[in-house]
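Novice: Listed below, chain by chain, are the residues.
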Amino acid sequence: MPNASRPIDGKDLTKLVGLKLGNYRLERLIGRGRMGVVYLAKDEALLRPTAIKLLSWKESDAQGHDPVRWFLAEARLVARINHPRVVQIYGAARQDEHCYIAMEYVVGRSGEAMVSDGPVAPEVATDILLQAAAALHAAHRSGVIHRDVKPANLLVGAGGVTKLGDFGMALGSAEVSAGNAHVRVGTPYYTAPEIWTGGAATPASDVYSLGATYFHLLTGRPPFPGNDVAAVEQAHLRAPVPDPRTHVPTLPASCAALVARALAKEPQQRQASAMVLLWEARHVLQDLASAAAASAPAAPHPDPAAAVPSPPFAEDRRGPAPPAPEPLRVLGFTRRPFFDAAPPAIENGWEPLASARARILERIDLDQVPVLAITGGAGRGHSALCRRIAESIGRERLGVTLDASPAAGDRGLVQLLCRAAGAIVEEVSDEACLDALVERMSEERQHRNRTPVVMLTSVVVPHPSTNGLARIVEAARASGAFKILLTGASGLAAALERCRITPGDDRVPEVSLPPLEREDIERYVRGWIDATLAKGAGPIIVSRDASLLLTLRSEGALDRIDSICENMLVLASSEQRRTLCSWHAWTAADSERWATRPLDALPRRPAGWPPPEVADVIDVCRRGAGMPPWPRIAGREE
Amino acid sequence: MADLALIARIPSVASAVLGDLAGGFYDAIREGDGESVASVAAFVSSALAGAGEELGLGALHRVGIAGEKRALAVVVLGNSVVIARIEPAASLAAVERALDAAVGTGG
Chain A
1 MPNASRPIDG KDLTKLVGLK LGNYRLERLI GRGRMGVVYL AKDEALLRPT
51 AIKLLSWKES DAQGHDPVRW FLAEARLVAR INHPRVVQIY GAARQDEHCY
101 IAMEYVVGRS GEAMVSDGPV APEVATDILL QAAAALHAAH RSGVIHRDVK
151 PANLLVGAGG VTKLGDFGMA LGSAEVSAGN AHVRVGTPYY TAPEIWTGGA
201 ATPASDVYSL GATYFHLLTG RPPFPGNDVA AVEQAHLRAP VPDPRTHVPT
251 LPASCAALVA RALAKEPQQR QASAMVLLWE ARHVLQDLAS AAAASAPAAP
301 HPDPAAAVPS PPFAEDRRGP APPAPEPLRV LGFTRRPFFD AAPPAIENGW
351 EPLASARARI LERIDLDQVP VLAITGGAGR GHSALCRRIA ESIGRERLGV
401 TLDASPAAGD RGLVQLLCRA AGAIVEEVSD EACLDALVER MSEERQHRNR
451 TPVVMLTSVV VPHPSTNGLA RIVEAARASG AFKILLTGAS GLAAALERCR
501 ITPGDDRVPE VSLPPLERED IERYVRGWID ATLAKGAGPI IVSRDASLLL
551 TLRSEGALDR IDSICENMLV LASSEQRRTL CSWHAWTAAD SERWATRPLD
601 ALPRRPAGWP PPEVADVIDV CRRGAGMPPW PRIAGREE
Chain B
1 MADLALIARI PSVASAVLGD LAGGFYDAIR EGDGESVASV AAFVSSALAG
51 AGEELGLGAL HRVGIAGEKR ALAVVVLGNS VVIARIEPAA SLAAVERALD
101 AAVGTGG
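Read top to bottom, the protein sequences are chains A and B.
Under our numbering, the first residue of the first sequence is numbered 1, with each subsequent residue one higher.
Under our numbering, the first residue of the second sequence is numbered 1, with each subsequent residue one higher.
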């Protein structure tokens with residue numbers, strides 16, 4: 001490999017700060033590429049920062065190519081792609097002994113720099129993937145194969161805007177493709193199997209590289225790590241595709257499926273194009289947004305997530321729950337119960353909030369209802385209900401779910417929604433994002449002949465992004481391109497009106513969600529346990545008093561039910577018991593999960609359970625259920 | 001409702017619990033975790049009631065479970081369930097007879 005800093009004619013290219021090339025004054029060396037060095041320069045005419053890439057190869061390095069021609073070919077190649085997610089080329093020239101390309105300077109970090117700090121948050125990694133796939137698709141449509149997609153070539157700038165750069169290895173797919181010997185290109189960790197075996201680079205090999213890059217971002221390691229290139233090669237050729245959930249168990253099944261397809265050994269088994277990869281990334285992003293919405297904390301706003309049971313795992317398009325964590329495997333669980341407030345098979349097709357779902361679906365179909373509020377107390381299941389609605393309508397129209405709680409992130413609501421909907425924008429302004437959102441929704445509406453639905457969960461008014469929320473609602477009303485479901489606390493519609501998010505003469509209709517009753521909770525808990533316990537495993541028994549306390553402590557909110565129940569199972573597992581009793585229901589945390597806690601950090605059952613103050617609480621619960629008080633004589637000797 | 005104190009006085013009965021078929025826990029003598037015992041007994045009774053119907057035994061009356069050292073006798077009285085823990089296990093048959101006599105279900 002050539003030394004990027006080696007002079008083209010004896011001069012050291014790393015010591016050119018201050019040199020002026022055309023309008024560009026070199027200010028700082030910022031990188032070394034395969035074919036040259038890169039400076040941050042100032043465009044003294046347009047007064048903007050510019051990246052200047054200087055050629056460093058000698059003819060002897062170019063393996064038969066004219067290095068200048070090769071270098072300029074890169075500029076022409078990239079310039080003709082013309083896509084907002086591809087690093088823009090401002091110009092290319094030769095001045096004296098220096099051949100250079102002036103290109104867009106992206107302020108931010110490369111994917112490589114990001115992942116050097118550890119795994120990137122799944123929604124950020126998927127967002128990067130989505131944007132890179134859009135760039136790659138544009139390149140492929142221009143007849144350009146990138147050939148070196150890797151984290152280092154993804155530049156993530158302000159607002160999360162990602163750009164694909166360094167098309168230096170793309171040569172061969174266009175201008176200089178003929179008459180040259182095959183040279184294997186790319187970076188080993190991301191190189192497709194067919195390239196290792198001497199095959200030609202194709203869009204499918206770029207898809208593979210982007211899939212490997214995505215895996216690296218998600219997990220903090222490439223899919224086939226190793227220091228020995230031969231071993232890496234063999235792994236690419238023969239090793240099974242690793243499941244990213246091994247490293248990040250909370251990833252949705254759609255994410256693992258995307259990776260598995262992108263890293264398929266056979267090119268024809270991968271996503272048919274980068275555009276298909278982009279669509280799948282949108283799906284993953286929506287699943288991640290839904291999961292985030294479903295697991296949003298109850299406090300401080302009265303509106304987190306919960307669940308709606310639904311079709312059996314086999315029919316759940318999100319795929320099965322992840323594998324059970326160790327404490328629950330001890331009890332015989334193969335899958336993680338109470339995982340994401342989206343419960344599995346429930347006998348007889350029973351589903352909490354089914355009637356509310358039916359009412360909402362009915363109203364979504366009404367043309368005169370562009371915005372609908374779903375309200376109720378904390379954890380009533382809004383988010384999961386939205387997800388279930390999204391699943392219900394998913395076959396016929398687009399549904400996008402987004403956690404709109406103040407804690408959801410530091411980006412503006414409009415931009416978050418834009419990303420969740422998979423709309424690609426060049427600028428990060430709200431205006432540009434709304435335009436892109438409406439355009440994307442309009443396309444969907446036209447394509448499927450049904451209006452898409454945007455579901456914003458955990459809305460609090462006033463919202464930190466009240467203006468953004470108002471503009472989204474306005475866009476929905478004005479364009480008719482999509483409908484909006486807002487979930488939040490009771491009185492949300494009035495609050496929207498007070499904050500002028502909706503016009504006073506046209507109040508948003510509300511559908512109120514009731515809390516789950518004890519019988520519903522028991523069916524819900526039993527449904528989860530039965531669906532995730534291994535066939536043949538011993539039964540898990542829930543005592544009557546445990547059910548009563550669970551109902552009391554959860555207040556019928558599914559997200560709290562999920563937390564309490566999983567923690568009850570963890571406690572029982574630590575005691576090697578299969579009966580969940582009042583102590584478990586009283587002790588289990590309702591907001592954090594204990595599945596990964598060390599056993600010795602778990603609470604221990606005290607002697608003489610229950611203490612009088614707890615027995616008093618149990619009595620209240622029992623009275624409500626028509627039962628006699630807890631027997632104070634338990635354990636007596638007669 | 002059965003007299004739990006009477007049942008607990010039967011020889012070889014180590015502890016006794018009173019519950020119902022829904023898993024409710026009402027009383028216990030010499031049993032530190034009557035709640036769990038009542039829950040498990042209700043589960044067993046429900047499961048075996050179905051099996052008994054299938055096998056043509058009629059309504060479930062009594063279930064005996066014997067381990068190596070201890071045994072358990074579960075007697076169903078309408079909606080109530082009496083659970084007697086028996087030590088040693090070999091005394092199960094004798095305790096069952098005494099239970100029938102005590103709760104008036106012998107037959």
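In short, the hints are calculated from the structure, not lab data.
Just to be clear, a hint being listed does not mean it is correct.
Over 12 Å on every C-beta distance to chain A, these chain B residues come out as not near it, computed from the model [said to hold, decoys possible]:
hint, residue
1, 11
2, 17
3, 19
4, 22
5, 27
6, 29
7, 38
8, 57
9, 61
10, 62
11, 68
12, 70
13, 87
14, 94
15, 101
16, 104
Using 25 Å as the maximum straight-line C-alpha spacing, the simulated SDA-like pairs for lysine to any residue come out as follows [claimed, not checked]:
hint, chain 1, residue 1, chain 2, residue 2
17, A, 265, B, 88
18, A, 535, B, 44
19, B, 69, A, 335
20, A, 535, A, 279
21, A, 535, B, 69
Glycine included, each C-beta is placed from N, C-alpha and C at the ideal position.
Novice: Measuring Cβ to Cβ, find out whether residue 61 of chain B lies farther than 12 Å from everything in chain A.
Specialist: holds, 22 Å
Novice: Between residue 69 of chain B and residue 335 of chain A, does the CA-CA distance stay at or below 25 Å?
Specialist: violated, 36 Å
Novice: Are all C-beta atoms of chain A more than 12 Å from that of residue 27 of chain B?
Specialist: Label violated. Min Cβ-Cβ 5 Å, cutoff 12 Å.
Novice: Against chain A, does residue 29 of chain B hold up as non-interface, every C-beta pair farther apart than 12 Å?
Specialist: With a cut-off of 12 Å, residue 29 of chain B comes too close to chain A, as the shortest Cβ separation is near 5 Å.
Novice: Checking the smallest CB distance to chain A, is residue 87 of chain B really beyond 12 Å?
Specialist: Holds, since 16 Å exceeds 12 Å.
Novice: Checking the smallest CB distance to chain A, is residue 19 of chain B really beyond 12 Å?
Specialist: The claim is violated: residue 19 of chain B sits with its nearest Cβ about 8 Å from chain A, within 12 Å.
Novice: CA of residue 535 of chain A to CA of residue 69 of chain B, is that 25 Å or under?
Specialist: violated, 29 Å
Novice: Could you check that no beta carbon of chain A comes within 12 Å of the beta carbon of residue 68 of chain B?
Specialist: Answer for residue 68 of chain B: holds, closest chain A Cβ roughly 19 Å.
Novice: Run the C-beta distances from residue 22 of chain B to all of chain A and say if the shortest one exceeds 12 Å.
Specialist: violated, 6 Å
Novice: Within 25 Å, alpha carbon to alpha carbon, are residue 535 of chain A and residue 279 of chain A?
Specialist: Violated, at roughly 36 Å.
Novice: Is it the case that residue 57 of chain B keeps its Cβ farther than 12 Å from each residue Cβ in chain A?
Specialist: The claim stands: residue 57 of chain B keeps its Cβ more than 12 Å from every Cβ of chain A (closest is about 22 Å).
Novice: Confirm or reject: residue 17 of chain B is not an interface residue toward chain A, with every Cβ-Cβ distance exceeding 12 Å.
Specialist: violated, 9 Å
Against the hints set out earlier in the document, violations occur for numbers 2, 3, 4, 5, 6, 7, 17, 19, 20 and 21.
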